[in-house]
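Required output: the full structure, derived from the provided sequences and hints.
Just so you know, the sequences run in chain order A and B.
When we follow UniProt numbering, the leftmost residue of the first sequence carries the number 1, and every step to the right adds one.
When we follow UniProt numbering, the leftmost residue of the second sequence carries the number 1, and every step to the right adds one.
Simulated from the structure, these hints should not be mistaken for laboratory data.
Treat the hints with caution; some may be incorrect.
[Unchecked claim] Okay, derived cross-link-like pairs now, BS3-like style, lysine-lysine, Cα gap no bigger than 25 angstroms in a straight line:
(1) K113/A - K132/B
(2) K47/A - K145/B
(3) K72/B - K46/A
(4) K27/A - K73/B
(5) K8/B - K101/B
(6) K46/A - K73/B
(7) K9/A - K113/A
(8) K128/B - K8/B
(9) K101/B - K124/A
(10) K72/B - K8/B
(11) K124/A - K107/B
(12) K27/A - K23/B
(13) K27/A - K113/A
(14) K78/A - K132/B
(15) K124/A - K132/B
(16) K106/B - K73/B
(17) K47/A - K73/B
(18) K107/B - K73/B
(19) K78/A - K128/B
(20) K145/B - K46/A
(21) K78/A - K14/B
(22) K12/B - K78/A
(23) K8/B - K73/B
(24) K27/A - K46/A
(25) K46/B - K78/A
(26) K101/B - K27/A
(27) K47/A - K72/B
(28) K145/B - K78/A
(29) K9/A - K120/A
(30) K106/B - K72/B
(31) K78/A - K125/B
(32) K23/B - K78/A
(33) K101/B - K78/A
(34) K124/A - K106/B
(35) K107/B - K145/B
(36) K78/A - K43/B
(37) K78/A - K47/A
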Amino acid sequence: MSNILTLEKGKTLSETLAPVSRMDLIKYSGASGDFNPIHTVDEEAKKTGLPGIIAHGMWTMGNLAKLFTPYFEEGFIKDYRIRFSGMVFIDDVITLVATVTAEEEQEIAFEVKAVNQAGKAVLKGDVTFVITNE
Amino acid sequence: MYTNVIGKVSGKVKNTVERGLVKRFAQSIGDPHPIFIDEEYGKKSKYGTNIAPPTFPRVFESGTIEALQLPKKGLIHGEQRFHYERPLLVGEDVYVWTEVKDYYEKKGSNGLMGFLSVVKYGEDKDGKLIFKEEAITIITEAVRKAMSV
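In structure tokens, the structure reads:
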């Protein structure tokens, strides 16, 4: 069983995703209702000056949250804040990272980011996970 | 340009955290964990039912603010924040409304950048807050100019 309380300051949760595919973004468009065509139609993306379609920022932010899903029996995400700092293109390989920055009795603070294959952070932020198990 | 809409709010819209949509959403972000999608697992969990992923509120209808007219193209999603009092439960009704929280402009490399903060509140049937979602959208000078033409 996963146990978030065993994570000490400086400890990291991490996962690397399969290369981003067009189907990933089509599925997210459908599930989220965000049908902005710059995420699915190349010509529309090119019209706005992009080299090709880009992922929804919320697709990447949604993915990043899964680092915490195994711990929902112990508590939940109270605060999740993200600043989008780069674009995600098809075939990019994204690595999700969460690092413990502070631990209190009832809360664990994490610095979170998603990094592409070139090592550039495409989004950065923080998560506060509140412990509700006693 | 948007300072006149700061503080404007929408009406409340009733949404249901639909089981099928939670499943599809969880799958679409590569997170088909049983806490979200397996009914039996949810029943045995501490929540007594399945819960929704933290970014799920993006699917909710949250009412419209007549005075807020946004360009259809060229918007940039700058920041996104979620705050939860507790997780969203599959099957529950959530009453969602929107507020224009702030608008300000800053000098950037592409001229005067506009930052629009829109907050959505999700409440239970008694009006108790479940979550708050804030999206900060960047509207560049070029996009604002194209809109006013």
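These are the hints, each one checked on the structure:
1. K113/A - K132/B: 21 angstroms, holds
2. K47/A - K145/B: 18 angstroms, holds
3. K72/B - K46/A: 16 angstroms, holds
4. K27/A - K73/B: 22 angstroms, holds
5. K8/B - K101/B: Holds, at roughly 8 angstroms.
6. K46/A - K73/B: 13 angstroms, holds
7. K9/A - K113/A: 16 angstroms, holds
8. K128/B - K8/B: 20 angstroms, holds
9. K101/B - K124/A: At roughly 23 angstroms apart (the allowed maximum being 25 angstroms), K124/A and K101/B satisfy the hint.
10. K72/B - K8/B: 20 angstroms, holds
11. K124/A - K107/B: 22 angstroms, holds
12. K27/A - K23/B: 12 angstroms, holds
13. K27/A - K113/A: 23 angstroms, holds
14. K78/A - K132/B: Holds. K78/A to K132/B sits at ~10 angstroms (cutoff 25 angstroms).
15. K124/A - K132/B: Cα-Cα ~20 angstroms, so holds.
16. K106/B - K73/B: 20 angstroms, holds
17. K47/A - K73/B: Holds: K47/A and K73/B sit about 11 angstroms apart, inside 25 angstroms.
18. K107/B - K73/B: 21 angstroms, holds
19. K78/A - K128/B: Holds, at about 16 angstroms.
20. K145/B - K46/A: 21 angstroms, holds
21. K78/A - K14/B: 23 angstroms, holds
22. K12/B - K78/A: This hinted pair holds, its Cα atoms lying about 23 angstroms apart.
23. K8/B - K73/B: 23 angstroms, holds
24. K27/A - K46/A: With a Cα-Cα distance of about 21 angstroms, the restraint between K27/A and K46/A holds, given a limit of 25 angstroms.
25. K46/B - K78/A: 17 angstroms, holds
26. K101/B - K27/A: Answer violated: K101/B to K27/A is near 31 angstroms, above 25 angstroms.
27. K47/A - K72/B: 14 angstroms, holds
28. K145/B - K78/A: 39 angstroms, violated
29. K9/A - K120/A: 24 angstroms, holds
30. K106/B - K72/B: Measuring from Cα to Cα gives roughly 22 angstroms; hence the hint holds.
31. K78/A - K125/B: Distance of about 21 angstroms is within 25 angstroms: holds.
32. K23/B - K78/A: 22 angstroms, holds
33. K101/B - K78/A: At roughly 20 angstroms apart (the allowed maximum being 25 angstroms), K78/A and K101/B satisfy the hint.
34. K124/A - K106/B: The hint holds at about 21 angstroms.
35. K107/B - K145/B: 16 angstroms, holds
36. K78/A - K43/B: 22 angstroms, holds
37. K78/A - K47/A: Violated, at roughly 39 angstroms.
The structure fails hints 26, 28, 37 (numbered hints given earlier, in ascending order).
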